[in-house]
Amino acid sequence: MAGVWFDELSVGQTFDHPIRRTVTETDNVMFTAMTHNPALLHLDEEYMKGTPFSQRIVNSAFTLGLMVGISVGDTTLGTAVANLGWDEVRFPKPVFHGDTLRVVTEVIELRDSKSRPDQGIVTFFHRAFNQNDELVASCKRSGLQRKKPA
Numbered sequence: 001m002a003g004v005w006f007d008e009l010s011v012g013q014t015f016d017h018p019i020r021r022t023v024t025e026t027d028n029v030m031f032t033a034m035t036h037n038p039a040l041l042h043l044d045e046e047y048m049k050g051t052p053f054s055q056r057i058v059n060s061a062f063t064l065g066l067m068v069g070i071s072v073g074d075t076t077l078g079t080a081v082a083n084l085g086w087d088e089v090r091f092p093k094p095v096f097h098g099d100t101l102r103v104v105t106e107v108i109e110l111r112d113s114k115s116r117p118d119q120g121i122v123t124f125f126h127r128a129f130n131q132n133d134e135l136v137a138s139c140k141r142s143g144l145q146r147k148k149p150a
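Numbering of the sequence shown is given in the UniProt record's numbering, commencing with residue 1 and proceeding in unit increments.
Mixed in with the good hints there might be a few duds.
[To be verified] Label pairs and their calculated CB-CB ranges:
| id | residue 1 | residue 2 | range |
| --- | --- | --- | --- |
| 1 | G50 | R90 | 51 to 57 Å |
| 2 | N37 | E88 | 20 to 26 Å |
| 3 | P52 | R90 | 16 to 22 Å |
[As the list claims (entries may be wrong)] Lysine to any residue pairs mimicking SDA-like chemistry, simulated, CA-CA at most 25 Å apart:
| id | residue 1 | residue 2 |
| --- | --- | --- |
| 4 | K114 | G85 |
| 5 | K114 | P92 |
| 6 | K114 | L9 |
| 7 | K93 | G69 |
| 8 | K147 | V72 |
| 9 | K148 | F96 |
| 10 | K114 | A80 |
| 11 | K140 | H17 |
These are computed hints drawn from the structure, not numbers from a lab.
Every residue, glycine too, gets a C-beta built ideally from N, C-alpha and C.
Just need the whole structure built from these sequences, with the hints factored in.
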């Protein structure tokens, strides 16, 4: 199993995920279209030439999904019961077509489930960096995680 059991996690544990991903124009346009987001900043290159960014920026919901998705194989694949929520989602710098993202995850909180003795609640802090090591996204993610079977 790729994921980690709840009782194998520790506060302060860090995962430097080996998967990196270059974001493409296709990623951005398809995700934006599939989610019915008509924002010019994702779709209209000519419009964006007149903005401080000078080019289209990648849909932040795609960036969030990619950041969390990259973390799954090392942390929750096969051991997660449910995603409980995302908090403090931030995008301090834009992501552009052609940027390559890498993700680091830290375990910041663990507690046993009060109603499910075979599970616990884990809070991860995810951070995504571009190819220049600039922080482009971060969030806290809480999930219900299985404990290792007896």
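Hints versus structure:
no., hint, verdict
1, G50 - R90: 51 to 57 Å, "violated (26 Å)"
2, N37 - E88: 20 to 26 Å, "holds (22 Å)"
3, P52 - R90: 16 to 22 Å, "holds (19 Å)"
4, K114 - G85, "holds (18 Å)"
5, K114 - P92, "violated (36 Å)"
6, K114 - L9, "holds (18 Å)"
7, K93 - G69, "holds (19 Å)"
8, K147 - V72, "holds (16 Å)"
9, K148 - F96, "violated (40 Å)"
10, K114 - A80, "holds (17 Å)"
11, K140 - H17, "holds (16 Å)"
The earlier numbered hints that this structure contradicts are 1, 5, 9.
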